[in-house]
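K.L.:
Sequence:
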Amino acid sequence: MSKLQVETISHTNNTTALTIDSSGRVLQPTIPAFRVGLTSNQNVTSTGSHITIEFNEGTSSENDFCFTQGGFSWSSGVVTVPVTGVYHFDLLARVDGVGSGYVIFSIVKNNDFTSNRRFQSIEGDPASDYQSVTASGVFKLDASDNVRVAIYVSSDSNLNVTASESIFSGHLIG
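Using the numbering used here, the letters of the sequence shown correspond one by one to residues 9 to 182.
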């Protein structure tokens, strides 16, 4: 029987990849992961097209609420993954001021809105004051693939995605 007893696994450049504490808990301090919000409400003023929600809080500096780690990069609300693997993403979005019709929020890989290639949540005839929408799913991604959150509005052309209650997060599973 073989037994490997180590506390730390590092790259040859001394970057720590994995540590194991005395209780056997494993920590991977640079595993790709993020949780981002909106720095301000995003106003949606058009219908009939997919509009990217520009999640940006936490993409340039961490705080207690939002962070990025492990090499994710951001541009205009689009996240680019750093390494090939299987990723899990979650969305919680609050939309205010929908007067009629329906809204669809999608988590989209490489801007492909084809059925079964995105995860979406649809809310029809939402309350006029606010509606909370959630979506989550797993994607198999190659390094440099991108993922975004988009909203499609059927008929109302003046609503807001609320900054204080909207979060987009994701992490590498393996």
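Honestly, the hints are just simulated from the structure, not real lab data.
C-beta atoms are modelled at their ideal positions from N, C-alpha and C, and glycine is treated no differently.
Where hints are given, some of them may not hold.
[Stated by the list, open to error] Simulated restraints on C-beta separations:
hint, residue 1, residue 2, range
1, THR16, HIS58, 42 to 52 Å
2, SER108, ILE28, 47 to 57 Å
3, THR27, GLY109, 44 to 54 Å
4, THR88, GLY56, 22 to 32 Å
5, GLN77, GLY109, 34 to 44 Å
6, TYR110, SER30, 16 to 26 Å
7, ALA171, MET9, 31 to 41 Å
8, THR38, GLY107, 22 to 32 Å
9, VAL34, ASN124, 30 to 40 Å
10, THR20, SER152, 16 to 26 Å
11, GLY145, THR88, 30 to 40 Å
K.L.:
Evaluate each hint against the coordinates.
P.N.:
For each hint, the structure was consulted:
1. THR16 <-> HIS58: 42 to 52 Å: Holds - the Cβ-Cβ distance for THR16 and HIS58, about 45 Å, lies within 42 to 52 Å.
2. SER108 <-> ILE28: 47 to 57 Å: Holds, since SER108 and ILE28 (Cβ atoms, about 56 Å apart) stay within the stated range.
3. THR27 <-> GLY109: 44 to 54 Å: holds, 51 Å
4. THR88 <-> GLY56: 22 to 32 Å: holds, 27 Å
5. GLN77 <-> GLY109: 34 to 44 Å: Roughly 38 Å apart at Cβ, these two residues keep to the hinted range, so it holds.
6. TYR110 <-> SER30: 16 to 26 Å: The hinted range 16 to 26 Å is violated for TYR110 and SER30, with Cβ atoms some 54 Å apart.
7. ALA171 <-> MET9: 31 to 41 Å: The hinted range 31 to 41 Å is violated for ALA171 and MET9, with Cβ atoms some 55 Å apart.
8. THR38 <-> GLY107: 22 to 32 Å: About 45 Å separates the Cβ atoms of THR38 and GLY107, which means 22 to 32 Å is violated.
9. VAL34 <-> ASN124: 30 to 40 Å: Holds: the Cβ-Cβ distance is about 34 Å, inside 30 to 40 Å.
10. THR20 <-> SER152: 16 to 26 Å: Holds: the Cβ-Cβ distance is about 24 Å, inside 16 to 26 Å.
11. GLY145 <-> THR88: 30 to 40 Å: violated, 18 Å
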